[in-house]
Amino acid sequence: MSAMEEHAPPLALTMGEPGGVGLRLALPAWRRLHRSGPAFCLLADPALLRARAARCGVDDVPLRDVTDIGQAARVFRDALPVLALSGYENLPDRPGEARPDTAAAVLAAIDNAVALTLRGAASGVVTLPIQKEALYAAGFSHEGHTDHLAALARQAGHDATPVMMLSAADLRTVPVTVHVALADVPARLSEDAIVAQGRVLARDLNRFFAVGHPRIAVAALNPHAGEGGRMGSEERTIITPAIERLKAAGIDATGPHPADTLFHEDARGGYDACLCMYHDQALIPVKTLDFHGGVNVTLGLPFVRTSPDHGTALDLAAGGAARADSLINALRLAARMAAAERARAS
1 MSAMEEHAPP
11 LALTMGEPGG
21 VGLRLALPAW
31 RRLHRSGPAF
41 CLLADPALLR
51 ARAARCGVDD
61 VPLRDVTDIG
71 QAARVFRDAL
81 PVLALSGYEN
91 LPDRPGEARP
101 DTAAAVLAAI
111 DNAVALTLRG
121 AASGVVTLPI
131 QKEALYAAGF
141 SHEGHTDHLA
151 ALARQAGHDA
161 TPVMMLSAAD
171 LRTVPVTVHV
181 ALADVPARLS
191 EDAIVAQGRV
201 LARDLNRFFA
211 VGHPRIAVAA
221 LNPHAGEGGR
231 MGSEERTIIT
241 PAIERLKAAG
251 IDATGPHPAD
261 TLFHEDARGG
271 YDACLCMYHD
281 QALIPVKTLD
291 FHGGVNVTLG
301 LPFVRTSPDH
311 GTALDLAAGG
321 AARADSLINA
331 LRLAARMAAA
341 ERARAS
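Reading the sequence shown from the start, the letters are residues 1 to 346 in this note's numbering.
Just so you know, these hints were derived from the structure itself, not from any lab.
What you were told as hints is all true, and nothing was included just to trick you.
Label-pair restraints from in silico Cβ distances:
hint : residue 1 : residue 2 : range
1    : A151      : A121      : 17 to 23 Å
2    : A181      : E265      : 28 to 34 Å
3    : A169      : D101      : 39 to 45 Å
4    : A121      : G212      : 28 to 34 Å
5    : D260      : A47       : 49 to 55 Å
Where a beta carbon is used, it is the ideal one built from N, C-alpha and C, also for glycine.
With the hints as constraints, model all of the structure from the sequences given.
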């Protein structure tokens, strides 16, 4: 941990779906990080966390209730700091169940983490996975986690253009279209979307990752980059014009590159991030390289946000082979991103 990270405010870790694996993973994450950092504070119901720890047989992790996130860094070496959510105490311990009656507490953790980060009391937001179906049943109106975070930023008077980036070892990928059926991708793909996400990607690689002149590879949609239009026209009509606009804006963008030759070891050394055209094109290489340790990063927000690259895993909430690698990497990456932004601003 760098000196800048050591003296930084703690990260705010949201509890995620209380019936899922997230609470359980926070315990080994603290055990791995409590000596070397980065410090983090879990926003959750302390009673629920203690009950889950006992149920999972990891009640040897010391917990410390804090009333202010500022206390978290002081106690982190000795105990996992837990900041209670006012009005959401003594939640039921129901591992494996995602219910609408805990949705308000899940959202309160997210809302508080964002507020703490925007006012500088926390270095960044790290979110444990949520179960969207349970939130929808309780009246949640956003498409997902990221849209809710962007709405909170806008409510606080900030611009927000969220861009999903996956990060693993020596690879960063951004899917231009995300949760879209493959059959619908060509119709949803647009020149403006590629340009908008490319601009955010270039800016935030500099802002959060200290990449001076980001090199962005742009993947083709079709096999062999369309073979001059014989296997699709999107490369000529959408992707290439978008790349030209990015270049005109001073961004080092290349492509469209055939995706089947874009992710091998030698190719990865030629760019800092890859703009992919659809979900699996971006996620398959990341998960292949580091299935257990990949991190989901949200760019385009006025604060740092990372999350482990896995879901709620309700079946592992109280037992089974659950690994905290992705959460640990998400915490470490969030701390590095926050430090890079502070260094850039100083």
